[in-house]
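Visitor: Chain by chain, the residues:
Protein chains: 2
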Amino acid sequence: MSNIKYVYFFGDGSAEGNADMKNLLGGKGANLAEMTNLGMPVPPGITITAEVCTYYNKNNQYPEGLKETVEKGLTRIEKMMGKRFGDPKDPLLLSVRSGARVSMPGMMDTVLNLGLNDQTVQGLIEKTSNKRFGFDSYRRFIQMYSNVVMGMKGEHLEAVLDALKQKKGVGLDTELDAEDLEGLIPVYKAKVKEITGKDFPEDPVDQMWGGIDAVFGSWNIERAVFYRKLNNIPEDWGTAVNIMSMVFGNTGEKSGTGVAFTRDPATGERRFYGEFLKNAQGEDVVAGIRTPQTIDHLEKHFPQCYKELTEIYQKLENHYRDMQDIEFTIQEGKLWMLQCRVGKRTGFASFRIAVDMVEEGLITKEEALLRVEPNQLNQLLRPIFDLTSKKDALNNNRGLAKGLNAGPGAATGRIAFSAETAIEWKKQGEKVLLVRIETSPEDIGGMNASEGVLTARGGMTSHAALVARQMGKVCVAGCDALDINYGTKEMKVNGQTLKEGDYISIDGTTGEVIEGEVKTIPSEVLQVLVHKTMKPEESETYQKFVELMDWADEKRTLKIRTNADQPDQCEMARSFGAEGIGLCRTEHMFFEGDRIDAVREMILSDDLKGRKKALDKLLPMQKGDFKAIFRVMEGLPATIRLLDPPLHEFLPHTDDEIQGLARQMGVSFDHLKAKKDHLHEFNPMLGHRGCRLGILYPEITEMQVRAIIESVCELKKEGVRVEPEIMVPLVGHVNELKAQREVIDRICEKVFEEQGIQVDYQVGTMIELPRAALTADKIAQEADFFSFGTNDLTQTTFGLSRDDAGKFLPFYLENELLQVDPFVSLDQEGVGELVKIGIQKGRSTKPSLKVGICGEHGGDPSSVEFCHRQNMNYVSCSPFRVPIARLAAAQAVLR
Amino acid sequence: MSNIKYVYFFGDGSAEGNADMKNLLGGKGANLAEMTNLGMPVPPGITITAEVCTYYNKNNQYPEGLKETVEKGLTRIEKMMGKRFGDPKDPLLLSVRSGARVSMPGMMDTVLNLGLNDQTVQGLIEKTSNKRFGFDSYRRFIQMYSNVVMGMKGEHLEAVLDALKQKKGVGLDTELDAEDLEGLIPVYKAKVKEITGKDFPEDPVDQMWGGIDAVFGSWNIERAVFYRKLNNIPEDWGTAVNIMSMVFGNTGEKSGTGVAFTRDPATGERRFYGEFLKNAQGEDVVAGIRTPQTIDHLEKHFPQCYKELTEIYQKLENHYRDMQDIEFTIQEGKLWMLQCRVGKRTGFASFRIAVDMVEEGLITKEEALLRVEPNQLNQLLRPIFDLTSKKDALNNNRGLAKGLNAGPGAATGRIAFSAETAIEWKKQGEKVLLVRIETSPEDIGGMNASEGVLTARGGMTSHAALVARQMGKVCVAGCDALDINYGTKEMKVNGQTLKEGDYISIDGTTGEVIEGEVKTIPSEVLQVLVHKTMKPEESETYQKFVELMDWADEKRTLKIRTNADQPDQCEMARSFGAEGIGLCRTEHMFFEGDRIDAVREMILSDDLKGRKKALDKLLPMQKGDFKAIFRVMEGLPATIRLLDPPLHEFLPHTDDEIQGLARQMGVSFDHLKAKKDHLHEFNPMLGHRGCRLGILYPEITEMQVRAIIESVCELKKEGVRVEPEIMVPLVGHVNELKAQREVIDRICEKVFEEQGIQVDYQVGTMIELPRAALTADKIAQEADFFSFGTNDLTQTTFGLSRDDAGKFLPFYLENELLQVDPFVSLDQEGVGELVKIGIQKGRSTKPSLKVGICGEHGGDPSSVEFCHRQNMNYVSCSPFRVPIARLAAAQAVLR
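Residue numbers (my numbering), protein chains in the order written: chain A, 1 to 895; chain B, 1001 to 1895.
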């Protein structure tokens, strides 16, 4: 690495890096450089590149020459600040912070006030004339350093502090005076020695390198690894380290610190939005230990700084052309910018900001489309509380308190006071709300397992709020009224005591906390689109949603269809913008009402005659289903898949049911039982299913095709136009499709003759077996269309049963043998290769072959992008995922 | 088809076709043309091409102009023979015979004596001065024509004939005189009218076209379709039709007919071998109705003809450079050649003739290698009767009779008197011997289901003998002593009565028929190679076998390994020429003796400690296994596959067993039962198996690797060199192999350190999942070798569970949705495509990557050829298939 630059300087109006160097400098380092170059007041510092992190974690040592370069950088900082690191008279103090390519809030380590020891603390006190500040900084440094760098649990020193506060009879740290804090120092150091067996380091340079080691090392701590997995962040990105001159927001009443967003991160509203704490260090705001004041208090206390900050935030938003999340500190009346980055936001805020910024002329429609993570649109469809039910609850005195509306939506669940409990209960199928005094990075797993998060302390930018927003979880933060006791596992609020396991409801849009369960209703978008209980003009959210979707539709070339089996599902999907049915599974209809009896009779008949008799009963039912669906899908294509699952899936399970069926069919119990046993399969996934059913029992195909085509003919007579596509499942060899196509064409001709009318129809196949993809050139000879069934294709390509993978797939994901669950996001390397081969071969035979996908991947944004790149004609997904797919398809064009 | 020539003439020393035109003229037509061109006495005739058959069966009519061309050909025949078709004074008579590209013995239809009616029969009588012959020919014609062309069952006219014989008190047809036969004609015709409702055609031209229609139509009759399926003959080949001037072997004592082979078709011995019947038509010999005399009788009765025939057969063998099967007729002392073709032969004869012909300088070694169908070598390994057991049986008066040794080998089974019974019993798992008076094409299915075939009538070239030889079935034919009664389902022989279902034994090498079961012992080749109970010089078969194998080894480039799990299997495979182990399945060892208890304990342990304790018990056992195997395989590579099957396969099934295991492990029954239930899988084939076991439980891999490597190290100290290849199963993603490779390398290093010695080893993987083949470039980074596990690869690529396919795969094969069972012969189009991709990608990463196959396809000749074409390094198959693979690999080079 000898020729590689691994330390970048910034300070006093010019920097070696800039905002484009995020991959190398991390987000924080790149933006510090950019702000410096923009002439904003940034304390000087250096950034050690993320490449060093990767090198360090691989080789367990630093690249040659790094030490010297860092120390050279330190000298520049000293020169610029006019102070020396370790100077007992006027010491330069440093912060060491992580900063990866993407923000990982609270995930990784930070050490502040580096450079303090028994000598330099005196110089600090002298220079600031503030003994309390000096020793407060020193004891904070020991607390932080012993924890982050020396690996000691925070609770040990907290216990020392608590003991002191108790002895002095005070409640808050701020009530301790300078002498109290001075007295803490030797006690702290002794405790560190006792617990870690090591002396607390006095040499500032040792302290600095300890900090750097710790930050680089923190890339691999468990919670960071978990977070990256959750957010698909590659392991090899690494983090940069930023070493900056310290500025202090806690030197007294002329100082303070804050974080702010250039727009509301929960709702997307265009207003300067943030929080501020006087006489505090930045960590106090983020950690949620004290609940801060809103940003307008800054204007009152520091009008000049507020003015300057306003100019800066506007400049930043215009410069970056996106909503910014900024951190600042005021030291003795002077404003310092410590960080800026693209602000995390809820799905609501995300799409609203994107739409607004287009209207403001700040970004283009294309940019807006790329700004919204398609999966976030889910939030617009998520339930909200039913107003009547909520009013009832409040009237019945079940309203408990109000906190900050940190993550919109409605959530109900049992109280869990710890992440472990939340995870455990979730596993047992319970809905859980995680209730914490404050959350910390250790709680991520528990937050993920919960319906929503409720905290007693912390603001809109607290850990809980930030992470919940990003996860799309409902969150009410900083609800001071809660008095939580982890020991007794209960909390007191509004005069009541709630125990762990009790039901509670939170409204993340209003901040309300309510006892018990509250009924939920559909979101605004759903109310307008599906339920028609709200008019479009009543919902701003709906209007902006439609605007964004319209832009997406203008851009995308992929058609979006839906997987739906029932008329109501079809109707919903259409209202979400579905342009057809990509997969209608006929077997779902077989279970409805008492038709399952006819199905079972068909399966268990001994001969063709018996099967036909049963199928005759099913025909009018299937026809009714299809007619209803076709009516809804008027003018659009609808793909109907012929019967797919192995027949034993339809059979009765208990002896009682078999007995009943035997009576009905007029055969003996033993006979039916034997037939059922005969149908047993060792690997039903690879058994007698799909087109193998229709081939051995063509009468089933005949009935289904008749039901489809009679429906279409009859609707045509009514003037309803339908584009039926009959899909043969599980084809592995062209002869299978050929055989089924013969049956289909024969029945269609017959129906046309009977009905005296002709209709258009297509016959195609699922490509869901590797062999189908590999021989797609042959299969295309018999197919009008291909639909990639990527669920089964994933199962066969990986040799992985979805039903059984639970025994090892989670382990694979945790241990990074696989980066993503291939059932969630298409495995482009393996399964995707087959999709490519299938399309290429299929179109080599039939260039105009219509190709789509109908596995669950059809609603996964990265899979949609893949489908676009493969020149598919459409993707098909569940109704709720249609908007996601529309946006993802547009993004695919733009990328 | 207007420009296509579809009728070829032959006769009088020159022909329009020749032997190279088999595809068009069929084997019979091409060889008739060739013999004509060679100046041999062939009755003149025409061949209508097989293309016409395809056209006729597709369009249900003949191509334009065919009628005229055929009639023109007829005129040429008339001119050459100096007779006219239908001439009441001196009629030309014709035969109409099928003749496809390959011989389908007895499968298809023939009509003789065409052209006879009430007028022409008088001309025939006048010209031959033989009234009996005339009416015998006429009544035979009516019998044959009414059956073949008019679709009437033969039994009706047979009954008429039998009634007449009874009335006259005679036993044989030949005892009926001219008047008897004359009297039969009107009765026959009346019966035909009664049964078919149609008049028997009198017009010779109508008769001829009826015959042609029937032959072309017979391509599609059931038994022909079945035969083609059995022998992989494509449906679209069709048959040609040969129309020839009739010659008669039944005009009296100066006439006769025969069939002969230029070498012995059962043993391959070099001697003129055949059968002859005086005063008979050719069909009498083949149909097995009369048992003929051996060919040397011809020399006695027709010395001049015998001399001429000897010259012809030698000329033919030299000309065709292969053993020929010839048919001839002597009419009034003149020899006519009616057919010649390559003679069908047993596996024994096949390889012996090939080796002999090389020694005689007739063919090259390369040709010899291509002459033997590799699967036929199986016959050399098939059991023969134990001499002591057979002697005992004979001494105890269990010897019943002696017939013709028509199909070598030993077979024991229950007597079945009908094909249906044989098929039915075979399905029930019984061993069956089909015992028939004579067999006919309808019996093929039953012959296939039987261990062997025994007939009371018919010679070495009878239907039973021909078909049994080709199927490789043991056969004793023409055992006159049998008195079979289909009605009572019993047979009398040697004073005893045997019932259907009784056990019987036949020795196809000696012709002996023995009551009850006789013990079998290994074949000569096995006795020399494996059992050492015979010396090489004692077995000519063995010597010729070794010679052929040596030639094969000189040619082939593929290495042949074996799939073997036990030392004795390995030893046998080595003696068959295996050059290493391609697949040693370690799980088979897990079931042995009481080690299954330790395996179960390992599986059912709750924690690592418990599993390790159980694995510690298994280690010495596995090590013992490996050491024994490695010792046998000294100097050769041995691939050991790590544990593969899902763990539940090892679990106890009954509650009693679970109870016992619970006691042994000191846990409760309920606990174990619950664990067992927890391990249940819906699709075990796609479940927690293969490397997924070693990844979740690395301790299993550790134990197995330790057992392997400690064995190799200890053997090295003894001076025994081994090349271990550790194979990781069911890899789908490179990370899986990487993870297992880390464990393997770590344990190996550890063992090297402990043992103070280093050994070479390789780590590779099965490619048995589509994803592995598709990402082989990545996987090759971690692999020293690939072994294609085509069993599982076939299952996943087709989405076809071997255990469940029985419900539909037979239907697929019967209905030609699939041409061959993909588990028997590699599906080159689909699965083979993945093999190609896997090799190409794997070698793109690692050009020297060693690649083999270890699925059951490794012993299938066409799959071996495929592997050769893909430049694999080796194929691996079960020990008994090693010789087959050696030969197939040589053939692959030669093709």
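Worth double-checking, as some hints may not be accurate.
In silico DSBU-like cross-links for lysine-lysine, where the CA-CA straight-line distance does not exceed 35 angstroms [as the list claims (entries may be wrong)]:
id, chain 1, residue 1, chain 2, residue 2
1, B, Lys1229, A, Lys750
2, A, Lys427, B, Lys1229
3, A, Lys427, A, Lys609
4, B, Lys1850, A, Lys841
5, B, Lys1717, A, Lys738
Simulated from the structure, these hints should not be mistaken for laboratory data.
Visitor: Run through the hints listed earlier and report the numbers of any the structure violates, in increasing order.
Guide: Hints 2, 3 and 5 not satisfied by this model.
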